[in-house]
Every structure is written in structure tokens, then in C-alpha cells.
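Asks: Starting from the known structure of chain V, arrange chain H on it as the hints suggest.
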Amino acid sequence: MKKKSIKTLKFIGLGFLEPLINLISGEEPKKNLSLLAKNILFPILSVFLFLFLWYCGATALYNKEANIRIEKARSEQGKAEAQKMRECIASGDVSCQPNTLPSPAQVYKAYLVLWKDHLAISDKKIAFKEKTAETNTLRAEQGLSPIKYTGRPSFLDQIGTSLKTVAAGFLLALFIAVPLGIIIGLSDVLRKSFNWLIQILKPVSPVVWLLLVFMIVKTVITDPDLDKSFIISFISVGLCSMWATLINTSMGVATVDKDFINVSKVLKLSVGQNIFKIILPASFPLIFTGLRITTSVAWMVLIAIELLAQSPGLGSFVWEEFQNGANDSNAKIIVAMFVIGIIGFMLDRIMFAVQNLMTFNKA
Amino acid sequence: MAILELKNVSKSYGSGSSKIVVLENINLSVEDGEFVAIVGFSGSGKTTLINMINGLEFPDQGEVLLHGKPITGPGPDRGVIFQNYSLLPWLSVYKNIKLSVDQVFPKLKRKEKDEHIKSYIDMVNLTPAIDKMPSELSGGMRQRVSVARALAMNPDVLLMDEPLSALDALTRGSLQEEIVKIWSQDKKTAIMITNDVDEGILMADRIIPLNPGPKATLGPEFNITFERPRNVTALNKDADYKKLRNEILEYLIEVGATRKQVSNKKYTLPDLKPVMPGRIIFRKKKKKEKVKYF
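Chains as they are written, first to last, in the working numbering: chain V, 32 to 394; chain H, 98 to 391.
Pulled out of the complex, with its shape left as it was, chain H reads as follows:
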């Protein structure tokens, strides 16, 4: 049964002549326990799409259904991992996570809460940094806190908005593995937005390209059937992997190329001749000449 469904969703910003349709006719259905990656160019409306699922924005047309009911706003049943971590810089790692746990499990006893928080911090290997402030952590550690915070709310759906794009390649690799490991433990439904095809193939069950905006639509889906746990080095040698990767990349490059050819209008430039500084002569003008600009 589909846990999350998007039906004919359209979204636009602005009004009148400045109206820009960002997303048009988006149809998506995500099964329970599935890991879906949405790949697309930057500026194609990926963040708008995920914001409509987490309830920070609403579609103009169509509907977003969670468990068959339309989404009316943000809620702790959807854990969000933001692109720029969004940790509260005045709270320690422990307290950042405690804020969300307090909110989602208000009736839990103090000791149980403490154990709950500590278990998630342990899950992302941050126990030594439990009392540190976000400013004392590296980018990768901050994103891990963000992951722990989202998971500690025990959400039905985990939403990730380019979770690793701000990290360096090495940290990225290790966090990819960690996120997949955590996901496979809990078997949560996960939707990840990314601009990296390799990342999508490594982590997801299904990759759906988002055609570039304006009026972005979802492209054909690619199923990824490699066995888990997946190993980067092994995958890199796999012929099927190469084929799939090339297929997705070709598709993306093709749709990207059509975007560039949107405008065929030619602009004619005015025929101007520059006045060189050395040519200005201070003398009485004999005749008044009309200066032709065009």
C-alpha cells in the first residue's frame, strides 16, 4: 500500500505576468519501507517538491496524501533532514535532539527520554561529542546530528533535502553508508533529494529524475535492484551498474539540453563605434555635427 501519494500536483510562485510554474503534474507514489531518490538539476524545484511533502508549502493544484489523508501542515510524522543541517547553534548536540524528543514524546519519563536520545546519538557515532555545541563540530558531524534528530522523532517518512551536498567527498561516502545502514535497521520510508546520480544508485531502491523547470515534471523511473548491502568498489566494476548509470545520466543530459534551447529569439545589437580616449581633441568645433548613436 502506498504510504505517500502525490496526485497531479502543480505549484507556482508569483502571480500575473511574473507567475512562474515550478512544478506541473507531478505524480508519485511511494510504498511503505521504500527508499526513493529524486535526482535533478539545481533550480528544478526539488526543494519545493520536498517542502510540499513535509508541509511547509502547499500545492496549487492536486493533492499530497500521507496514509491516504491530505497533508495540512508540517508534523513530526515526517522527519526532515535539511540541506544546511539547521541545528540550533545555542543548544548542545544532546539538547538539539532533546528538543524534538520533548515535542514528539511528551509523556515519556525522564530516564526513558534520556536513554532514547542517547541511543540515537550512539547510532550516528557521536557519543563523544554529546555535550558539544554545533559550532564545535565539523560539517559531517553536524549532518549526523541532524540525522539523529530526525530519526529520534521516530517518523513514518524520512525526508532528506540534499542531505550530503554540502559535505566533502570523503565524509559524504561514509555518511551515505551510515544513512543506508540506519535506514535498513528501521525500514522507514525514505525520500531523498540529490543531484548526484551515483549517490542515488548507491542508496535508493528507485531513482526518479526531475526534469528541469520551469514546469518541471517527473521523468521515467529507474528501478535499482542491486542487492544490499551495496559496496561502492564492487558496484563500480559491475557492468549493470555502469549501464544503469549511463542510462540515467544520458536521460538527464538530454532533458538538460532541451532546457538550454528554450529561447530562439535573436537579439540585434546596436551598431556603435567607441570613442577612444586619445582621439578627443580640444579645439573649436567648426561645424556642429549631429552625433549618430544608432
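One chain only, chain V, in its complex shape:
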């Protein structure tokens, strides 16, 4: 039981929790306690240190912004107005709040607001579904498409859209880059002749890819029912992120251990068997490293791409909040920043676990 849980933790990359489990089972308390402090306590302390520094920085910026406002009121409108501004800021009135880096407390408040907003919207959605249930069954009988909820998406809906886009983009990258990488990796001639193209396209900015995809999709897809912004953004994400997998796959296939190739030759394996039984498994470690890089790149470029493609995900959430300029907009942007970071971290852990599952231990 204990060994199994440690193994599972290590498998998903949470090996630092091992001393905690040892401690619970009462094994070497002194050693495990110091390990626990090193592995868990100090990282937690560093979180508090980070929050403290953030708080100090935010307060300093807040005071500076407030002083600028008061000074401006004094020089433009006179002493009385300056006094009024000072009182207004001190009272915490929304109309005259200094707009700067939000403090941790404000960010937490914004997080609560977003959560409440999500609950309210999901209530609305359920109500809408109940209301339209009858009409929709009627419409289905007549062969018409059902009426869909077209209201504002909540923050969680936007996270869902983003994840969907990344998943679609990742799959696109997988299905383009891995087969292409294998073909290029198998042939020295192909690798040399296409290397320049890969090297040129690899550093191209996500924005340029988006515009390129936009040019093509705009002409190819004319059906108004299709979600064009989603299609454009997931294709751009796929095209941006596939290069790491492509290069790693071709590298992996090209550098398969000569001993394995000799085994395949001695057994006279056919071309297909050679690829699927020898070359692919032998290059899995490199392919999965490439796929891990692809996921993190996909998640990173997604925000910029959604922002430009108007796809209703996290990217457009950030952009809309920035344009919105409400008094808690900045705090909401910081919430989005943390959510993006945490999801990116989780995606990487998932890929890490899949990599461990699929690849062999080096003998």
C-alpha cells in the first residue's frame, strides 16, 4: 500500500511528497521530518515570501499612483480639489481608485467574483435549457437546429474553450509532426532537403501563423454555421507548436541504436514491422520529449492567438478585461495569469506521466 502510493506519486511527478507518506507510516521520524521540511515546508514559506513581496510592491505602486492623482488635482484645480481627491481615495470610493498593480487580497476578491459570476451564468443556462426544452423538441421534429444559449460565457467556460483549442491543436500537431518526422528521419536525403524549410518556419511568430491561417481558412470555409474563430485558432496553435515534435521525431528515428537495426536485419523484418516494432519504440523517449515541449508551447501561444482570433477563451478574456478598464479588471487579469500558469503546469505533469508510461527504461 505504502510502496504503491509512493510509486504513483513519483509517476505523476509528485515525488517530493514521499517523506510525508513515510512519516504517516511512522518510518524514521527524524530523518523524514527534516526531509519534509526541506521538500514541503520551505517551498510553502517561499510562497508566503512571494506574497509578501507582491503585497509590498503593490502597496508602493498604489501610494505612488495616489500621490500622482492628488498632485495632478492640486496643480490643475487647486488645493480644495486636491483635498477632496485625498478624501475620496482614502474612502475607497470606486470612482477615484488608483489603477495599478492589484494586491493579493484584491486578486483573491476578483477570483471570488469570477466564481460567483460562473455560478450565476450556469444557473441562467439551466433556466434557459428548461425554457427552450419544449421549443427545441418541436424544432427537432421539424428538422430545424435547436436554439442554443448565446449569452456571455463564464470564466470557466472560457477555460474550457481554451483547453479544447489546445487539445485540438495538440492533436493536429501530433498527426502532422509524428508521421512527417518518421518519414524525414528515415531518409537522409529528405532530412537534408527539408531541413532549411523547418529551420525557417520554426521561429515564425504565432501572430504570423494566425494571419496565414486566417487567409486560407477565410477562403476555404464558407459555411456560416462553423465556428471559424475556433478553427483558425486551433490550426494556428497546432502549426506553431508542432516543430519541436517534428524535429525530435526525426532526430529520434535517425539516431536509433545500430544494435536494434542489426537485430531487425538479422530477423529480416519487413519495412512496416521494422518501423512499428523497432524504430518507433526505440525513438519514443525523444518523441515524447518533443510532445511535452509541444504542449507547453501550444499553451503559451494559445493566449496570444485567442486574443487576436476572437475565440472565446482565456486569451480573449484577458484582452477584454484589459479593454474593459473596470476597477477590478487588473485583478481579474492577474487571476487569469495564475490560472494559465497552473493549467500549463498541470498539462506538463500529464504529459510527463504519459511519457513515463509509454517509454522504456534504458538498460
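Treat the hints as calculated values from the structure; they're not laboratory data.
Certain hints may be false.
To be verified - In silico lysine to any residue, SDA-like type, Cα no more than 20 Å apart, as pairs:
| id | chain 1 | residue 1 | chain 2 | residue 2 |
| --- | --- | --- | --- | --- |
| 1 | H | Lys192 | V | Leu300 |
| 2 | V | Lys195 | V | Ile374 |
| 3 | H | Lys192 | H | Gly152 |
| 4 | H | Lys229 | V | Phe291 |
As the list claims (entries may be wrong) - FRET-style restraints, in silico, Cβ to Cβ:
| id | chain 1 | residue 1 | chain 2 | residue 2 | range |
| --- | --- | --- | --- | --- | --- |
| 5 | V | Lys289 | H | Gly353 | 52 to 62 Å |
| 6 | H | Thr224 | V | Leu72 | 41 to 51 Å |
| 7 | H | Lys363 | V | Lys289 | 35 to 45 Å |
| 8 | V | Asn226 | H | Asp265 | 17 to 27 Å |
We treat Cβ as the ideally placed atom computed from N, Cα and C, and that holds for glycine.
Replies: Positioned in the frame of chain V, the structure of chain H alone reads:
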């Protein structure tokens, strides 16, 4: 009748001025059921020789004949035991062997295949480790899997390229006995490459030294007539054994010594005097002196 014949085989790598002739004029004929050991220094072209027999490389001149027909490529009629095991690390012991059995006996029924594989795993005493991955096995166990894999293909000729040289002395001894035991059960033709004369005497019917390269040729063959099964301790006391061993070693040392004396060219070194760090004096030079380097 000779099952395997090498006729005037020569092999070289590179071309032009960088051409190196590895093997020259190799003549060898191996009888059916014979155990031949080829002993030589490292770098003398032993692996090239065995690669030409298993079909991974081809001779420049001469021909390699198996059953009287020239070899056109690798094939399952020649089982190979590689020096570094060459097990596929993503497959278990069972599946590593199954891969070769699937390839050689595609028409066998599933149950028969299973029995076939298990019997060979049992032969090398690895039944308890049947589902283990190669990374979980010791070096000796891995080499035994490799032996089982080669034998499970039921080859006409068993080729071994320094099969035991990566193992420690103790494991080596027990595997030597095991390989000979398995060989004597099936009476396959076996060709083993080794750098250990004792190993050759213990296992083989015939030892052929490979003179050191470049342009390596085969030396005079030594027949080993000790009765099987051979016992290491008994052999060690045998006077004939000592004599044979010394003969082979003397021959090898002699040909090895001639290799060292290949070049008689003398190199003259330039007459240089070092500048010691403490002697550098920062002062205006009065006269520009030409520095003589040679």
C-alpha cells in the same frame, strides 16, 4: 560436408589513400555440427569477419558460401548472439524471444509458439524472469536471453561475436558451460569469436587464430581433442592442455609482436628551449633579436 565456406575473402573500408584492408585472403571451411572458435586481438577484424558470415556486410573479393550458396544478406538460418546482447529494452524477456519466433515460424499455432518460446527460456534457466524487462536483468541474464533468442529461431549456424567478453569472470564460467551444454544437445554448427584462449579451448573443437590487422589473415588451426564434457578444473591439470594453451599463446604473442614493429621510421623532434615563467622581464628591449624557433 562443409556447411560454411569462406573462399579467398578480402574486405576493406574506405577508399583512395585512406583505404584500409581489414581482412585479406581468408579461407575457412566449417563442417556440420562443428564448434569453431576464432581467437584474435581486439581490432584485428573479428567482428567484420562474423558480420560477413551473418550477412550484415559483404566481402570485396572472394565469396562466403552457406550450404554451397553465396550469402546475399542476413537471415534467420544464422542465429546471432551479439557482444552487447542487443535486446530490445521495451520488450519483456518473453516478447523479445517472441519477436524472432513470430518472424521465423509465422505459421505456428499460438499455443505451439508459446510452448516453443517457454521451452527455450527454460533451457537458459530464465523461467522466473520471463516477464521481466531487460533493464531489470543482470548482464549474464541478458546474455542468456540473447542466447535463447538466437536458439529459438532454430538456426543452422550459431554465430557468437564475443558473447561473454562483457561479463564478469564468474558469470562467464557458468555461461560457457551452459552454452556448450545447449550446443551439445542440438549439435548445431557454431562459430564463436573470442579474445580468450582458455574459453576457446574449453568450448571449441577447433581454434583458429586471426592474425592482427590490417590485412589480417587466419593463422594455423589448432585441433582440440579433449573429451566432452570438459571440466575446467580437470583441464587445468592436464599436461596436454597446458602445452596446447602455451602453443596458441606463443603463436599469438609472436604475431602480436610483429605487428608492433610495423614502422621503423624515426621522427626527429625540433630542438626547443622552454621559456620559464619567471624569466620574463618587463624592460625595454635594447636590441631586437630574432627568435629562433628551430
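Asks: Run every hint past the structure and note whether it holds.
Replies: Evaluated hints:
1. Proposed proximity of Lys192 of chain H and Leu300 of chain V is supported: the alpha carbons are some 15 Å apart, at most 20 Å.
2. In summary, the hint linking Lys195 of chain V to Ile374 of chain V is supported, as the alpha carbons are separated by about 13 Å, within the 20 Å threshold.
3. A hinted pair counts as satisfied when its Cα atoms are at most 20 Å apart, and Lys192 of chain H with Gly152 of chain H does not qualify at roughly 25 Å.
4. A hinted pair counts as satisfied when its Cα atoms are at most 20 Å apart, and Lys229 of chain H with Phe291 of chain V qualifies at roughly 19 Å.
5. Look at Lys289 of chain V against Gly353 of chain H: about 29 Å separates their beta carbons, and that is not inside 52 to 62 Å.
6. For the hinted restraint 41 to 51 Å between Thr224 of chain H and Leu72 of chain V, the CB-CB distance of approximately 49 Å keeps it satisfied.
7. Under the hint 35 to 45 Å, the C-beta atoms of Lys363 of chain H and Lys289 of chain V, about 40 Å apart, fit the expected range.
8. Look at Asn226 of chain V against Asp265 of chain H: about 45 Å separates their beta carbons, and that is not inside 17 to 27 Å.
Consistency with the previously given hints fails for numbers 3, 5, 8, ordered from lowest to highest.
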